[in-house]
Amino acid sequence: MNLEEYKGVYVFAQQVDNKLNGIAIELVCEAKRLAAKLDTFVAAIVIGSGIKGLADELGAYGADKVIIIDDPELKEYRTEPYTHALASAINEYKPDILLVGATAIGRDLAPRVAARIHTGLTADCTQLEINDFPIVARPGVEQKHNQLLMTRPAFGGNTIATIACPDFRPQMATVRPGVMQRSEKTDNKAEVIEFNPGFTPDHNYVEILEIVKELNKVADIMDAKILVSGGRGVGSAENFKILEDLAEALGGQVSCSRAVVDSGWKPKDLQVGQTGKTVRPQVYFAIGISGAIQHLAGMEESDLIIAINKDETAPIFDVADYGIVGDLNKIVPKLTELIKANKKEA
Amino acid sequence: MDFTLDKKHSMARSLFREFAENEVKPLAQEVDETEQFPVETVKKMARYGFMGIPVPKEYGGQGCDILTYAMCVEELSKVCGTTGVIVSAHTSLCIDPILTFGTEEQKQKYVVPLAKGEKLGAFGLTEPGAGTDAQGQQTKAVFDEATNEWVINGSKCFITNGSYADVYIVIAVTGMIEKRGRMQKEISAFIVEKGTPGFTFGTKEKKMGIRGSATYELIFTDCRIPAENLLGQKGKGFNIAMHTLDGGRIGIAAQALGLAEGALERTVAYVKERKQFGREIAKFQNTQFQLADMATKAKAAQLLVYRAAMAKSTQDRYSVEAAMAKLYAAEAAMEITTKAVQLHGGYGYIREYEVERMMRDAKITEIYEGTSEVQRMVISADLLK
Amino acid sequence: MKIVVCIKQVPDTKGGVAFNPDGTLNRAAMETIMNPDDKAGLEAALRLKDEYGAEVSVITMGLPKAADVLREALAMGADKAYLETDRVLGGADTWATSQTVAAGLRKLDYDLIITGRQAIDGDTAQVGPQISERLNIPIISYAEDLKIEGDSVIVKRVYDDRYHIVKAKMPCLITALAELAEPRYMTPGGIFDACDAEITTWSRADLDTLDDSNVGLKGSPTKIARASDKVRKGAGTVEKNLDADEAAAYICNKLLEKHII
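Quick mapping for you: the protein sequence lines, in order, are chains Z, X and H.
Taking my numbering, the leading residue of the first sequence gets 80, the next gets one more, and so forth.
Taking my numbering, the leading residue of the second sequence gets 75, the next gets one more, and so forth.
Taking my numbering, the leading residue of the third sequence gets -7, the next gets one more, and so forth.
Incorrect hints may have been included.
Partial chain X-side listing against chain H, Cβ under 8 Å, derived [said to hold, decoys possible]:
| hint | residue |
| --- | --- |
| 1 | Lys81 |
| 2 | Thr142 |
| 3 | Ile453 |
| 4 | Ala455 |
Because the hints were derived from the structure by calculation, they are not lab data.
Just so it is clear, CB atoms sit at the ideal spot from N, CA and C, and this is done for glycine as well.
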């Protein structure tokens, strides 16, 4: 493999129902930053049927080239035709770097592609940088420059590993949605290239019998990424409404302390703590919860803890990353409004 | 001599522990509060073969040994004393005598569905006027040659799994015989099925502990059972009962052991969290010394229980091993759970904290299937024979 | 029908993780379990066995002690177990792992291969799809439901906002979500039998279709540049004198900083 032949930072610009997924934009913006360091171009690969119209948006976010693979076989995502499309494009255009969203599509497509073209693949990256590998020069080991270093959490977030792919191209990564920063749109126009490697259905093509779109399902609080948890300080069952509104704005769920269950405001399956459930969300809001040790035992492993309580001596502040001493009835509705406003902007 | 568990037993232990944590522990408090027999749990245990662990595969069992069975009762009892005794009474007191003394037909008819957990078993020895003292028995069985049936009259009390069990081992007087110049009651054992006309249930007892376990009075009024339901030889009922209780004591010792270990585990977790005078109570030497004594006694109990279980698998006689295991484990359970409550302070007296329940559950292990006093009699009789 | 389930022994991350001085994982220092997604896949296979009388085999690659998860699978009801173990197989990334597992699978008959979607140690979700590519068979990932119809499987394939009902001809590979099937427990008798059962063990030399360039650390295209324990949180900050507007803005900014909104 002649690594020198491989150039450019490519992204798989995922679309569903002929609409670009948010991750496609995030990846183009990240690719732009990486390409600047490497002094190279950004190309987006769009795969689907009737998708030529998507090139402009990718251009506006910074793609220099957009490769369109448009074929009726590609209307709905299926592993094999998409693998064939992306692997063929790689063989044709020889990217130095290829980024794919770590979505339910990307995490299926990228590994099959990497296996087909023989390169490494790093999953679920949260940070990408251009650096030397090995990072620190070691005698007897060639230190390669301008390598893509891909950082990812592993072991359920307990560890962080940084991975390189020094001897194969493209350097492939799937990237977690929502992590990479979007930049502003410009009036940049991408060069549009149409490419079709030809699609002949074979035994690897699966048949889609039915497609069912789902609204957000109600999930177990143990699976929630964001929990808005209320305690005795919320005051009443009715007043949980303000917590439910906040949870909805954040795409999270409501949970509660034991006192709330004992008062009959919420059912037992929403209880966090020693006699309830142990949770470990990305964000845990403790609102009107004093933080008895039995409660802390069920939530202190949360990635980010935000506490609102009127009592500044409440033990919850000992474990909170950010604590606010104040009136939850005033703060929570305002926070909900602010979050909604921010989401609209985005 | 090797005190480490082999692969089979260590895997079995982790199975029982996982099952107990996931399936039994979440219900333990409710089972205690509502005094509801945990029917669904028993069905689940049946599905996974827990109701026939030491029974050979040809009789529908798991083909494991007594140690595996004892570990099952131990792990269940760590989280729920009620569930532990259901398995113990079923296995030791009902399946074991049929497997040991029954005919091939009886084994096929009764042991197979019992071991698969399709049916539940119980054992009726105790009467209002007679506990482990078999000569005090009043329940009578008379043979009716005309119909080739036994006719049972009388009652049994404090029967674990009562009314929920399908198959009952019933001990009854079948006549008088001369023994060493004295007339004595001739005792025999029978298998009685639930639903037999004349067999009904009296009051359900309200108990201090193991409150989800169903404890009923059995009432026999001209209850007719076929001749072939005599278990073992006529007149051998006392031996069958004593043999059965020897095995049962291993199950109860395992239950007591589980309660002791469960209370110790909860207490170790609690003292690391609970603060008094600005530091965790685990930092106080009193706590440390209490825990050391508790752990030592629990371990000693475990060694005695496991030894008794191994003895039942490998020896003809194991009365003394079983009696020592039950005596020590029961008293250790009472002492350890009481200390656990004390170390929990006020919370230990509150029902939401499991040690309160464990202390109540532990008390019965010093009483049923032979009180601690009876165990001392068995042990000393062997020493002084 | 012959089903092969690929399972992995993984550290139980609930108890935290340990490292060797060189930054690699100290697996020996951690409790191990059968990877949860794999266990759901095994359960799905055992249900097919209960329903249709399939033969269920399990295969794993790992240290000799990975035999423990094979025994667990046997004790749950699997029929045969295969262990790929050899020093030279160590340090494999997903590329080399999928090559190695596929080389074992080629020695077996299969109509259906089931893997977990992802393992809780690596979280990559890559090995299943890559095995299917090596074996040139169709794949359906993220399976939440599964049934057999003639010579095909019909799978509920889950996406972020929808699901597809997908049909594939066997032989094919399915990656199982934990939701696919709630695993059963072992039975005590199953454990006793599993401990007496023979586990077929393959070393590097037994894997005749495996090319040397695809084996172990050397055959792995990805290399670790650095690895570390997650940085511990410092003490938090408590704001005591913000009015409601300021407090809401403060929290909102923190959420923005952390890319939560």
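We went through each hint and held it up to the structure:
1. Lys81: holds (5 Å)
2. Thr142: Holds. Min distance 6 Å.
3. Ile453: With a minimum Cβ separation of about 31 Å from chain H (threshold 8 Å), the hint on isoleucine 453(X) is violated.
4. Ala455: violated (35 Å)
The structure is inconsistent with the numbered hints 3, 4, although it conforms to all the rest.
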